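Chains as they are written, first to last, in the numbering used here: chain F, 1 to 232; chain V, 1 to 261; chain Y, 1 to 122.
In case anyone wonders, no lab produced these hints; they're calculated from the structure.
All values reported here derive from a predicted model rather than from experimental measurement.
Hints may be right or wrong, so weigh each one.
[As the list claims (entries may be wrong)] Mimicking DSS-like on lysine-lysine, the simulated pairs with C-alpha atoms at most 25 Å apart in a straight line are:
id, chain 1, residue 1, chain 2, residue 2
1, V, Lys7, V, Lys76
2, F, Lys74, F, Lys108
3, F, Lys126, V, Lys11
4, V, Lys4, F, Lys108
5, V, Lys4, V, Lys76
6, V, Lys7, F, Lys130
7, F, Lys82, F, Lys13
8, F, Lys133, F, Lys62
9, F, Lys99, F, Lys82
10, F, Lys123, V, Lys11
11, F, Lys82, F, Lys133
12, V, Lys257, F, Lys74
13, F, Lys109, F, Lys74
14, F, Lys74, V, Lys4
15, F, Lys90, V, Lys148
16, F, Lys74, F, Lys123
17, V, Lys4, F, Lys145
18, F, Lys201, F, Lys62
19, Y, Lys85, Y, Lys53
20, F, Lys62, F, Lys90
21, F, Lys90, V, Lys257
22, F, Lys99, F, Lys133
23, V, Lys257, F, Lys126
24, F, Lys82, V, Lys11
25, F, Lys99, V, Lys187
26, F, Lys133, V, Lys11
27, V, Lys76, F, Lys90
28, F, Lys133, F, Lys201
29, V, Lys7, F, Lys123
30, V, Lys76, F, Lys99
31, V, Lys76, F, Lys82
32, V, Lys76, F, Lys133
33, V, Lys187, F, Lys82
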Amino acid sequence: MSAILECNSLTKKYASLTALNNINLSLERGRIIGLLGPNGSGKTTLIKLINGLLVPTSGTLKIAGNLPGTATKKVVSYLPEKTYLPDWMKVSETIDFFKDFYEDFDEKKAYEMLDRLHLDPQKRMKTLSKGTKEKVQLILVMSRKADLYCLDEPIGGVDPAARDYILNTIISNYNENATVLISTHLIADIENVLDEVVFIKEGSLMLHASVDDIRTKEGKSIDTLFREVFKC
Amino acid sequence: MLNKLFKHEMKANARFLLPLYLILFVLSLINRVIIGLDIFDGALAIIPRFSIFAYIVSIIAVIVVTFIIMIMRFYKNLLSDEGYLMFTLTVESHQLIISKLLTAAIWIVSSVLAVFASLLLVFANPDSISEIWYQIRLGLTELDVIFKGRTTLLFIELAILAIFGLIHNILMIYLAIAIGHLFNGHKLLGSFVAYVGISMVMQTIISVLAAIVGSIFRESVTNVLSLPNFIFPIGIFTILILIVLYFFATNYIFRNKLNLE
Amino acid sequence: MQWELNSDRPVYVQLIEQIQAGIISGYYKPGDKLPSVRDLAAEATVNPNTMQKALSELERTGLIYTNRTSGRYITSDEVMIKKLKGQSAKDQIMEFLDKMKLLGFNSEEIIALIKEIMNNTE
Chain F
1 MSAILECNSL TKKYASLTAL NNINLSLERG RIIGLLGPNG SGKTTLIKLI NGLLVPTSGT
61 LKIAGNLPGT ATKKVVSYLP EKTYLPDWMK VSETIDFFKD FYEDFDEKKA YEMLDRLHLD
121 PQKRMKTLSK GTKEKVQLIL VMSRKADLYC LDEPIGGVDP AARDYILNTI ISNYNENATV
181 LISTHLIADI ENVLDEVVFI KEGSLMLHAS VDDIRTKEGK SIDTLFREVF KC
Chain V
1 MLNKLFKHEM KANARFLLPL YLILFVLSLI NRVIIGLDIF DGALAIIPRF SIFAYIVSII
61 AVIVVTFIIM IMRFYKNLLS DEGYLMFTLT VESHQLIISK LLTAAIWIVS SVLAVFASLL
121 LVFANPDSIS EIWYQIRLGL TELDVIFKGR TTLLFIELAI LAIFGLIHNI LMIYLAIAIG
181 HLFNGHKLLG SFVAYVGISM VMQTIISVLA AIVGSIFRES VTNVLSLPNF IFPIGIFTIL
241 ILIVLYFFAT NYIFRNKLNL E
Chain Y
1 MQWELNSDRP VYVQLIEQIQ AGIISGYYKP GDKLPSVRDL AAEATVNPNT MQKALSELER
61 TGLIYTNRTS GRYITSDEVM IKKLKGQSAK DQIMEFLDKM KLLGFNSEEI IALIKEIMNN
121 TE
């Protein structure tokens with residue numbers, strides 16, 4: 001089975017709202033896929049479901065054929081929007097932590113990436129700027145040899161140079177067996193990097209197509225199409 | 001995996017508690033010296049008074065801070081932003097709970113031991129130690145008479161009760177925090193209410209149980225031997241059931257109702 | 001090499017054009033070894049799959065060939081490159097002529113204008 005992610009009638013409801021409504025989605029390996037939609041559309045809910053941080057209300061979600069659990073956490077590498085590393089840890093300690101808990105973690109690669117950024121591993125997380133913290137987290141996440149990388153808003157709130165660095169890291173770490181799922185609302189900056197896009201609006205799947213198909217058929221950029229589909 | 005979690009937990013808490021123990025140790029030394037030197041008269045008398053005061057404060061601080069750290073750690077590491085890290089590790093949620101429970105119990109016991117050790121450090125001298133030792137042996141002999149030789153069993157049961165009791169109290173707090181997490185707002189209030197609620201339910205259960213046991217074993221209640229024979233074992237059993245209950249409830253919330261912000 | 005990519009046309013098509021432009025301009029000389037797909041993709045800030053697609057297409061037309069052990073190379077076939085240069089020039093001229101016609105110039109006026117400007121800039 002080559003699909004890395006399969007959602008069947010996936011629904012997530014809370015007391016007051018339906019975050020995801022009957023999502024049917026299949027993502028193949030070896031792709032860089034954009035999960036696009038406005039804030040509150042359900043993107044983060046989907047990513048949390050993939051990572052086992054939420055439980056579906058109905059329907060199923062499978063990663064490489066397995067329901068979310070310890071087996072899938074082994075093959076999914078998650079970059080949340082927040083700073084989720086303990087503030088008091090030194091960068092080197094966070095690397096030790098990842099090395100300890102993830103078999104697929106490549107310590108050498110992580111240190112190389114840190115080195116290229118001229119980041120002192122002896123610094124504590126709390127002394128770093130927000131942008132630097134995010135880069136450290138990205139390095140940790142991308143230093144794992146996972147099958148599915150879930151990046152939640154990796155380029156939001158960082159300067160253009162940092163954005164380039166992040167995109168560059170994603171591209172350089174690409175491997176044909178793994179899929180990178182990037183959730184963002186900053187489309188223009190990453191269009192050229194995406195193979196496919198998934199549009200989510202108010203919890204429903206609006207579109208899942210390849211970037212080339214859209215550009216050829218519609219003759220417009222994903223950014224333009226997005227603005228049309230999600231017009232307020 | 002559990003080992004790794006445990007190791008990480010111990011380390012994370014050590015950075016607070018070891019400095020605290022060090023301060024306690026230093027203050028103990030200072031106090032022992034000051035008490036030994038009987039030279040502070042008149043206005044200088046304020047020095048030993050202040051020193052003892054600081055020492056007492058530090059003892060209270062060690063116990064209170066240990067307690068607070070255990071609570072904060074559970075909440076901060078699992079249910080705030082760090083939760084995104086912990087719950088996506090390749091570990092089961094029950095392992096997360098156990099690692100924190102064990103670490104909390106160990107640090108609480110070690111804090112109590114640290115306080116005892118510091119008291120000894122400040123006040124112990126060969127005379128008082130042999131006096132205390134003599135009194136202990138006297139007391140044990142008397143207990144042996146009262147409990148007709150079952151003193152060892154009594155102490156074993158007391159130890160188990162203490163350990164289970166500690167675990168029970170920690171888990172009750174953890175469960176209250178987990179229940180508080182279920183509320184969308186006012187999580188702190190929710191945890192507090194949950195804690196009070198669980199306490200009340202537990203008290204009721206124990207009262208009912210005690211009444212039942214009392215009415216079944218009526219004459220035995222007056223017989224002091226019933227303590228090691230019936231009452232303590234029943235107590236241990238009850239606490240064990242509560243422990244299992246709290247654990248499963250907390251785990252259930254983590255597995256099915258987790259909703260990190 | 002400066003990669004300029006628009007967002008309303010498929011990326012791989014634009015990559016093909018830009019690599020061809022690089023060959024014509026001499027940035028990529030005949031027989032030059034190309035960087036790896038991943039390095040090229042990182043340079044252009046595009047998806048490695050897309051770069052792969054572009055390179056495969058260029059291989060199909062013969063402008064690039066793969067040596068299984070050592071990587072991808074620009075063709076040494078100078079005739080082919082010259083032909084590519086010619087075709088590219090033709091495309092530029094056609095585009096230019098279309099634009100000039102839109103401005104309202106006829107063929108003689110266009111040629112005269114070109115001669116005048118070229119004399120001035122020499």
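Structure-based check of all given hints:
no.	hint	verdict
1	V:Lys7 to V:Lys76	18 Å, holds
2	F:Lys74 to F:Lys108	19 Å, holds
3	F:Lys126 to V:Lys11	18 Å, holds
4	V:Lys4 to F:Lys108	21 Å, holds
5	V:Lys4 to V:Lys76	19 Å, holds
6	V:Lys7 to F:Lys130	29 Å, violated
7	F:Lys82 to F:Lys13	23 Å, holds
8	F:Lys133 to F:Lys62	31 Å, violated
9	F:Lys99 to F:Lys82	21 Å, holds
10	F:Lys123 to V:Lys11	18 Å, holds
11	F:Lys82 to F:Lys133	10 Å, holds
12	V:Lys257 to F:Lys74	22 Å, holds
13	F:Lys109 to F:Lys74	19 Å, holds
14	F:Lys74 to V:Lys4	16 Å, holds
15	F:Lys90 to V:Lys148	59 Å, violated
16	F:Lys74 to F:Lys123	28 Å, violated
17	V:Lys4 to F:Lys145	21 Å, holds
18	F:Lys201 to F:Lys62	22 Å, holds
19	Y:Lys85 to Y:Lys53	22 Å, holds
20	F:Lys62 to F:Lys90	35 Å, violated
21	F:Lys90 to V:Lys257	32 Å, violated
22	F:Lys99 to F:Lys133	18 Å, holds
23	V:Lys257 to F:Lys126	30 Å, violated
24	F:Lys82 to V:Lys11	24 Å, holds
25	F:Lys99 to V:Lys187	34 Å, violated
26	F:Lys133 to V:Lys11	22 Å, holds
27	V:Lys76 to F:Lys90	18 Å, holds
28	F:Lys133 to F:Lys201	30 Å, violated
29	V:Lys7 to F:Lys123	22 Å, holds
30	V:Lys76 to F:Lys99	22 Å, holds
31	V:Lys76 to F:Lys82	14 Å, holds
32	V:Lys76 to F:Lys133	19 Å, holds
33	V:Lys187 to F:Lys82	20 Å, holds
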